Amino acid sequence: MKKKLFLLWLLSVLSYYTLNSCAFANVEIDKQKIGKVVDEFNGVKVYYNGSINNVSGRNIAKDGYNLGLKYQCVEFIKRYYYQRFNHKMPNSYGHAKDFFDPSIVDGKINRQRNLLQFHNGSPTKPKVEDIIILNWSNYGHVAIISKVTDNEIEIVQQNPGPNASSRATFPLIFKDGKWIIEGFGVLGYLRKNK
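Under this note's numbering, the first residue of the sequence shown carries the number 295, and numbering increases by one thereafter.
Take the hints with a grain of salt, since some may be wrong.
In silico lysine to aspartate or glutamate, EDC-like type, Cα no more than 20 angstroms apart, as pairs [said to hold, decoys possible]:
| # | residue 1 | residue 2 |
| --- | --- | --- |
| 1 | K441 | E476 |
| 2 | K469 | E446 |
| 3 | K382 | D392 |
| 4 | K419 | D395 |
| 5 | K382 | D357 |
Since the hints were derived computationally from the structure, they do not count as laboratory data. Keep in mind that this is a model prediction, so the values were computed, not measured.
Sequences and hints are given; from them, build the entire structure.
Structure below.
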């Protein structure tokens with residue numbers, strides 16, 4: 295009986311999230327707003343994208359470096375690192391979740407991105423300007439960590455959805471010598487090797 299109730303509960307939760315995302319993914323999209331600045335962090339602009347699947351062309355830097363599809367989350371973090379650190383990723387393509395390679399040892403270089411990679415649950419605390427990688431949806435999501443305290447992080451993000459904020463916070467827990475960012479699907483974070 296308990297097993298049946300649990301399975302029914304699990305099915306209900308999964309159905310809610312699946313139907314909710316399908317039914318409401320494109321609600322109240324202001325197409326005139328697409329490409330308009332909605333936020334800024336350290337002088338790097340965050341643009342409104344409307345629907346999470348919307349693409350407004352490819353953003354290429356003056357030197358030919360591929361920044362990504364306008365105004366997807368990947369385009370923002372690549373443009374951020376390019377403008378702030380003049381950083382070009384060796385592999386300039388891929389979905390957000392491809393930015394994290396689970397086979398890389400915590401604190402070692404992710405050669406595809408030429409950045410240090412830390413797993414969620416690392417002994418190394420996240421820092422402001424790290425790239426956080428989340429395993430949301432089929433494509434994942436990436437954002438820049440904009441604030442870190444001992445008990446939470448704030449992220450700045452592009453393309454969180456048509457009605458979501460460009461800022462979000464997640465609890466940060468230090469337990470058994472490891473820093474854990476609590477939240478659905480947090481894989482880890484990348485950092486410029488200085």
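The hints, checked one at a time:
1. Our distance criterion of 20 angstroms between C-alpha atoms is met by K441 and E476, whose separation comes to about 15 angstroms.
2. Only pairs whose Cα atoms come within 20 angstroms are accepted, and K469 paired with E446 is accepted, the gap being roughly 14 angstroms.
3. Under the criterion of a C-alpha separation no larger than 20 angstroms, the hint pairing K382 with D392 is consistent with the structure, at around 16 angstroms.
4. Simply put, K419 and D395 have alpha-carbon atoms about 19 angstroms apart, close enough for the 20 angstroms limit, and the pair holds.
5. Restraint check: the Cα-Cα separation between K382 and D357 comes to about 11 angstroms, which is no more than 20 angstroms; the hinted pair holds.
Against the hints set out earlier in the document, no violation occurs for any number.
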